[in-house]
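First to last, the sequence lines map onto chains A and B. For the first sequence, the positions run 1 to 372 when UniProt numbering is used. For the second sequence, the positions run 1 to 470 when UniProt numbering is used.
Errors might be hidden in some of the hints.
What the hints assert, rightly or not - According to the in silico footprint, chain A covers these stretches of chain B (three or more CB under 8 angstroms from chain A):
| # | region |
| --- | --- |
| 1 | 47 to 54 |
| 2 | 122 to 129 |
| 3 | 141 to 152 |
| 4 | 281 to 290 |
| 5 | 408 to 421 |
For the record, the hints were derived by calculation from the structure and aren't laboratory data. Since this is a predicted model, take the numbers as computed values, not measurements. We put the CB at the ideal spot given by N, CA and C, even for glycine.
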Amino acid sequence: MTPPRLPFLRQPLRLIHDRIATGLITAGGIGVLLAILAIGVFLIWETLPLLAFGDAFSLSTLSPLAWGTLKAALAAMLFATPIALGAAMYSALFMSTRLRSRVKPILELMEAIPGVVVGFIAGLLLAPWVERHLASTLLVIVWLPLSAALAGGLWYLANARLRQWLPLSWAGVWLMPWLAIMVTLALWLSPLMEQAWFGGDLRRLLDQQYGLDYATRNALIVGIAMGFAVIPSIYSLAEDALADVPASLMEGAQALGASRWQALWKVALPTAGPGVFSAVMIGAGRAVGETMIVLMASGNTALFSASPFEGLRSLSASIAIELPEASPGGLTYHLLIFAALSLFIFTFLVNTLAEVVRQRLRRRYQRLGGKL
Amino acid sequence: MRWSFRPSRISAMGSLLWPWLCAASVALSLLMLATLLTLLATRGLGHFWPAALEEATLHSGETVIGQPVRETPLPNTAGIERLYFTGNRDIDGASWRWVALDDIDTVAVPDDLIRLERSPWGDFIGRLEAVESEGQHFEDDAAWAFVARALTLPDSQRPNAQLQLTAANGHTITQPLSGVTLFQAPNAMSWGQKVVVWSERIWQFLSEGPRAANTGGGVWPAIFGTVLMVILMSVIVTPFGVLAAIYLNEIAHQNRLTRLVRIGVRNLAGVPSIVYGVFGLGVFVYGIGGSIDSWFFEDALPSPTFGTGGLLWASLTLALLTLPVVIVATEEGLARIPDAQREGAVALGATRLEMLTRVVLPMATPAMLTGVILAVARAAGEVAPLMLVGVAKLAPQMPVDGEFPYLHLERKFMHLGYHLFDTAFHGEDVQAAIPLVFATALLLVLIVLVLNLTAIFLRHYLRRQRGNEC
């Protein structure tokens, strides 16, 4: 905000100082903003020479990479979106306030874990483990939601004392040991099931029956690892949107006889829909640009394949691998800069869309009399 | 009541069970986070624990001496095999040995087994036979006492001695004492001694440079490089970020353009870090660095001085990368300050500069600090852009030394995150390097988490102290 223009002062030195400082701040501020703008300008400028290469340049060299990027991002979103949105809905509307004030910062701290650490765990531990226990992994992925539903079913059957002792509002914590036990159970049972259903080796079966190759580092691994990395960003934004739904709306719905879940599904979600959508968009933007996890967990083979068990190579990983060796001014150099430009434009558009949607939502909440 | 299929029943059941699925996603996320952290902590810290050495006698009469690492089922037949770390790369040609459990006759844990860390050739596992030192010959207890005493002395005062060692297969080698960095007999140690050795080895890890192609030694140069780069970066990013935020929030006219700029700045925080790396390489390294070389370092060309990745370019690139974080955080702080404060200052006759420096900025300090700490946390964990602008696998020289101008901005440096990536994926003996990689990962995660927690607590504390205003 601009302070009102001052009347004439008798201390010209102070005024001069003020003028100089304002000028410097303006110059510095505009300079910084221009420097940021320069990123886009540089990328476009360095892409232009591609036109001069004419025939030597064709987009087909980049298309497997673009496909790999999309495949990795899709796998990550398939893993992350249900978990992140479920967690957001639960912690915004069901969780006890005391627990929420602890759990939310912890989940947001997850975002701070460096990609290189996640990628290392995924590439060197998870990938060989999954290769040896493919059937168990798939079983666990199916079994986890079922076991959660089972916990719910058992809870409704349990007597009132136990239900009071283990309330739904704290379920986010006390389900942890339950899930751990269930995972152990699934891991213990899965060799038997693999024996019974898939003749002892699911990987061989996939290879012989469906002709699916299995690469150690593949889209499934990338999906899990990168999903883990984008869960917190989606969760945090979606949770904010859901928690800021004006309380009067939810109370109104419940007063009309809706259950808590119905109020959430029919009232809170449609109201906060744009916010949830923008959270997912921002997550997708992050998944598309993430470099280290894809680099370490994907095997970096440029393939056109939709199979979740085959490797991939993304735009960002190619840039990281090839650009340091590319000679400046050469075709590869400009091509990789073009790849960077497309990443830049994509994430910028996605984020702008998400931001605009979020600002709309904020105005809507204000109209509805929310606290914002 | 007869159970019949009715959609309303399904939806009623769904509305009872859905909350549980949502609760389970919270539990699952927490579980994954906890598993990751426990894994890092146990594997990272466990590596330094002096593990027991086993002497296994096989049915064939062969003996294997080593540290048991893990057991897995045999690939094609029934049974389990165990992986031993046997060291002795110079004698056996490999440091690992898989042994099927069925082949093992007896397993013993004798007290006289020793483990040496030496350069070259890495670990030795076996027995100490005798020590030859300047004509003297020691055996048994005297030899042990001699080695233990000699290793407490600083490198320069150590006697010139030769250790005679026997490996599991009876092969005898002579090892000069000067190449030995660690001598321990883990089976003979008491629990207290093990704790002491454990903490000593952690200290070594933190304070020494890497050895044996990153499979041994420590990460001190990488810690130093990371910290130095981050400090340089925050020195660059703080003034510029704050300046831009003040301009946007206090000086620029609030109109459609500033709103657009604000959205743009916010979005830049979501642009992939590798794009910043590309910008850094193209503009800083090839553009500015290349020009500096052709103006000032012409005699060194064609080998580049500033025209290649280095500390300065890495810090600048990361400063650009974290600029949005600082700008957004500072702006939030500035926006929280009530206009009444500014109007009050101006009404008392302050100029805009005085109002900013005496009223607005002190109130916005917590927000700025938070922004800078968050920026530092992000920069410390970022690896992708550094791969393009100046990180090195093994930097021959530290970027700070006693030579004028003391701080060498053009030198390459080591970085914890890149060190982790490189050791884990491009190392010669990845299997041997993995424990150290875990330790490095744990260190990196700890640094980043501690920085983030500091930011959270600082914000919380200062907000409460200042009555929830900024």
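Against the structure, the hints:
no. : hint       : in the structure
1   : 47 to 54   : violated (count 0)
2   : 122 to 129 : violated (count 0)
3   : 141 to 152 : violated (count 0)
4   : 281 to 290 : holds (count 4)
5   : 408 to 421 : holds (count 4)
Of the hints listed earlier, those the structure fails to meet are numbers 1, 2 and 3, in rising order.
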